[in-house]
Every structure is written in C-alpha cells, then in structure tokens.
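K.L.:
What follows is the residue order along each chain.
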Amino acid sequence: MYDTHILTDEGCRSVWENGRRVGYAVNLTINYYRGLPLSCVDEITLVVDGEPVAPEDMVLQHRDREYPYLAILQDDFPTDFYWRFGEKLRVVVKKPGGIPQGRHHVKLTLGTRRSYTPTMVATCEKTLTFA
Amino acid sequence: MTRGEGATAMGNPNDIKLGVSLYSYQDNYYFHKHDLEGCIAAAAGAGATGFEVFPDAMIPEWPYISDRFVDTFNGWKERYGIACVCVDHFSDTRMWKNRNLTDDDLYERGVMYIKAAAKLGAPAIRLLHEEHLGSSPFFKRDYHLTTSAIAERLLPVCAEYGVMMALECHSPTTVDDPCHEPYLEAAARLNLPYVGLQADFSSYEYCMTSADVGMYERQGATRAILDRVRGAQRQAYFAGKPFEYAEIEAEIEAMKPNEADRRFLRFATRRRGPASYEVLKDYASRLVYIHGKFYDIDENGEVDNMDYAKIMKALVDGGYKGYVVSEFEGNRRMNDAGWCDEVEYVRKHHVLMRKCLGRE
Chain B
1 MYDTHILTDE GCRSVWENGR RVGYAVNLTI NYYRGLPLSC VDEITLVVDG EPVAPEDMVL
61 QHRDREYPYL AILQDDFPTD FYWRFGEKLR VVVKKPGGIP QGRHHVKLTL GTRRSYTPTM
121 VATCEKTLTF A
Chain F
1 MTRGEGATAM GNPNDIKLGV SLYSYQDNYY FHKHDLEGCI AAAAGAGATG FEVFPDAMIP
61 EWPYISDRFV DTFNGWKERY GIACVCVDHF SDTRMWKNRN LTDDDLYERG VMYIKAAAKL
121 GAPAIRLLHE EHLGSSPFFK RDYHLTTSAI AERLLPVCAE YGVMMALECH SPTTVDDPCH
181 EPYLEAAARL NLPYVGLQAD FSSYEYCMTS ADVGMYERQG ATRAILDRVR GAQRQAYFAG
241 KPFEYAEIEA EIEAMKPNEA DRRFLRFATR RRGPASYEVL KDYASRLVYI HGKFYDIDEN
301 GEVDNMDYAK IMKALVDGGY KGYVVSEFEG NRRMNDAGWC DEVEYVRKHH VLMRKCLGRE
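So the protein lines, in turn, are chains B and F. The numbering used here numbers the first residue of the first sequence as 1 and each following residue consecutively. The numbering used here numbers the first residue of the second sequence as 1 and each following residue consecutively.
If you're looking for bench data, these hints aren't it; they were derived computationally from the structure. Owing to the predicted nature of the structure, the values given are computational and were not obtained by experimental measurement. Ideal Cβ placement from N, Cα and C applies to all residues, glycine included. Keep in mind that the hints are not guaranteed to be accurate.
[To be verified] Stretch by stretch, here's where chain F covers chain B in the computed footprint (C-beta under 8 Å, at least three residues):
{"id": "1", "segment": "44-57"}
{"id": "2", "segment": "80-89"}
[Said to hold, decoys possible] Distance windows between CB atoms, simulated:
{"id": "3", "chain 1": "F", "residue 1": "Asp104", "chain 2": "B", "residue 2": "Arg90", "range": "33 to 43 Å"}
{"id": "4", "chain 1": "B", "residue 1": "Glu10", "chain 2": "F", "residue 2": "Ser135", "range": "22 to 32 Å"}
{"id": "5", "chain 1": "F", "residue 1": "Gln219", "chain 2": "B", "residue 2": "Gly50", "range": "52 to 62 Å"}
{"id": "6", "chain 1": "F", "residue 1": "Lys355", "chain 2": "B", "residue 2": "Thr117", "range": "28 to 38 Å"}
Given the sequences, and given the hints that come with them, work out the whole structure.
P.N.:
Okay, structure coming up:
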C-alpha cells in the first residue's frame, strides 16, 4: 500500500548538540491506511550502509515527545499516542559524530500490529542524502 | 430526465443522497496534498452533500476531540455546505502488546466512537463488527472484533446519543447473510432500533477490476492470464451465468502460471458473480448506510467491474432512503505505479451515480 513510501526523504540529517554531531535522523510514515497507537508498532529496524542500527540506540520523536524505541515495545506502553496517518515519526539514531554528510543507503523494516488484518511488515530501501 | 422523474411505486431516486468517504482521498492526505479541510472541500466539490471520516486517520487529536476542533470542524461543514454522515469505528482488539482487549474494553472503545460521532454531529458509526467480512474470518485469529453481544450493550448508548451503528456487509458477505441477524435481533428485542445493515458494493463485483490487473502485473503476474480470467468473468456475467473457474482451469494451467499468478488466482477464482440485485432491492428500505465502493472507472465513465445501473436501480426500486458514499479503493491498487488521481476518480464516480439516479 505505502511500502515504498514509509521511509521519507525529508529531514535526513545529523543531529547536533553544542556544536557536535551526536546522531542522525530519518522520518517514517505509517504502512497502513489509518493511524495506529504507537503501542501497535511491533518493529522498527534500520540498516544503514549495511550496518544494523542497535535498537537501544534509537529514539522516537513524536509530537514534542521523545520515547526510547525499546519503551514503545514494552507491554504497558500507553495506547493513546496515535501515530497519525501520513504523519512523520522521527527516528533519531544516537551516534557520536553523527552521519557523514552525503548519500547513504538505508533499509527500513516496519511492522505494525492490526486487528482485523494480520500484522503487516513492510520494508523500504532508499539511498538518501543526509545534510 | 429531471429530478423526481423515474420514481417507482416503491422508491424515489431523490431519497438517495450522495456522499464521499474521505478514505477515497487517502493518498492526498498521506502525501500532504490535502489536509482534512481540503478533503472535505474536494467531497463538496464533487457534488456530495455528506462525508464520512476515519477519525483514526484524519482527526489530529484522536483519540481525543477538543471543543476547539469541533468548532473548526463545524465551521467547515458550514463553509462547504456538507454534513458529516458517518464516523468509522475500528475494533483494535490487539492494541496492547501483551493482551487482547476484553469484551468490556471493546465495549468502552465502542462508547468512545459513539460519543465521537455525536460530538462531530454524525448520525452513524460504521461498526467494525466481527462478521464484517462474513462468518469466517479471512485469516486465522484467536480473538474477536466487536460481537453482537458487545453491540447489544452499545445499543442504549446509541439511543442516548442518537447514533446508529451501521453493520458494513463487505464482500464476501452480503446484506442477507444470516451472520448479521443476531445484531438486528437484539435491536428488535430491546426495541432500540440503533443498529442496521450497511451494504458495500464490493458484494456486487462481477469481475476482477482492471486496477487489480495492473497491480498483479506489476507484482509479476502474467498479463495474458489476468486478461483471460477477467475476460471469462465478464463473459459469464454478461451471458447471465455464474463464473465457473473450472471451465478455464485447464487452459490457464497450460499457460503455466507462475507464483504471482497463483497468488491472484487464489482470490480471483472464488468469485462466481455479483450478489443478487433482487435481494438488494428486498433489503433496500431497511439499509441504513451504503459504501459505493469502486476501484477503477473505464473510458465510458462506468465502474469497470460493477453494474452501477443495476445496483442503483435496485436501491431506488427497493425504497432506499439514505446516503451512498463513494469509497474509492483504487488508490491502494494503483499508487505503486505513481500518483493516483483520487479527486478525479471521485468526481467521475459522482457523475456516474447522478446519472444512474436521473440527475444528469
């Protein structure tokens, strides 16, 4: 449905703090025809230039809130933070030095849990330019 | 023909109102070409007097709805001269990681959608009931969606808020499938007439849509096989016969179907023809809401795999009073190939429906 679009080319860049690069960000959109609570996200996996990103290094930023990726996988994560249809979910990968400016190959796997259809796992690969 | 002509003993085409499910504009929304207001404006621009909204998709604050949002929303209804006629309910039984929603939870979620509809001024919710796709779920699952027992508990809530629960009878089920009866029986027993049948035109497909042909071909299926199956389905329908896959199976096997062909054959060969127009006519006066589903429109302005003239005639003759809303589902079948012009599809769909009702 939206599998080829879930990894957007918007906002790809290093993330900075106090003049230093401390990580990098990509923005995702949902692989469904409606929004879902973040608690329905079963998997976000990133492979950048062939290197898998460690789950504990990922932070999700959504509507002025920030959640460690592993937190949304916990059983008791609230069900009322909706990742809206078409809304960008920013994934920040913590990495000292950020990502070298330029083109990088990114592979995303996104699994979302639904109820009246089975869990859908979408993959999307793109070469993105990071600022 | 002018409006009002064509009325029959049972029904009047002017009792049928035309709307748009904003689901039809999902790519415009997803890719930020139109926001919610833009989608409402597009529906009004197509000539619709009502629209349906998925709150889960297009209401920014969902699952909450602030008074400020309601004021803005009501302002749009005024500005574009259009009513919100339905809010889509979902049964997210698996929304927690470690447990399924209990029936009490599903009831509470139902209450939430009913209250949302009332707040948005909508007279109905599309209930995602357990038998939405018929009595046997299309994939194995160890949980259920909203059952008749839960819907029965929701009836007094519906009465309090003046909201109807529309049971969407989506292909492969039909409005006369007995699996929907327990809901209606509960409403009759309690004298709370707040649940009713909703037809979905997916039940009236007589062949594979060309939108599917394109999608399957891009997924690696063989064009000649796709065309042969679709052609046989059309031939059967226009000859007034059910489609029997067995009649062409040997021919198809000789064409050596690949894996992608097998995937589509599993679906496409099940359909033997549209559900009965006569039954639709018999049920028409009892229907509370209708999804005018479509996937593609041909060069003659006709929906390419449903007989809209016959479907709409059955509704008029049967005395349907209510909304038929465009539900364009071609987008998800076409958008892998590039931009799908949903606004144009819906515009054409409304021209077709108005024509069927003698308004063009």
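K.L.:
Now tell me, hint by hint, if it's right for this structure.
P.N.:
Now the hints, each set against the structure:
| no. | hint | in the structure |
| --- | --- | --- |
| 1 | 44-57 | violated (count 0) |
| 2 | 80-89 | holds (count 5) |
| 3 | Asp104(F) / Arg90(B): 33 to 43 Å | holds, 36 Å |
| 4 | Glu10(B) / Ser135(F): 22 to 32 Å | violated, 44 Å |
| 5 | Gln219(F) / Gly50(B): 52 to 62 Å | violated, 27 Å |
| 6 | Lys355(F) / Thr117(B): 28 to 38 Å | holds, 34 Å |
The structure fails to meet hints 1, 4, 5 from the earlier list, while all remaining hints are met.
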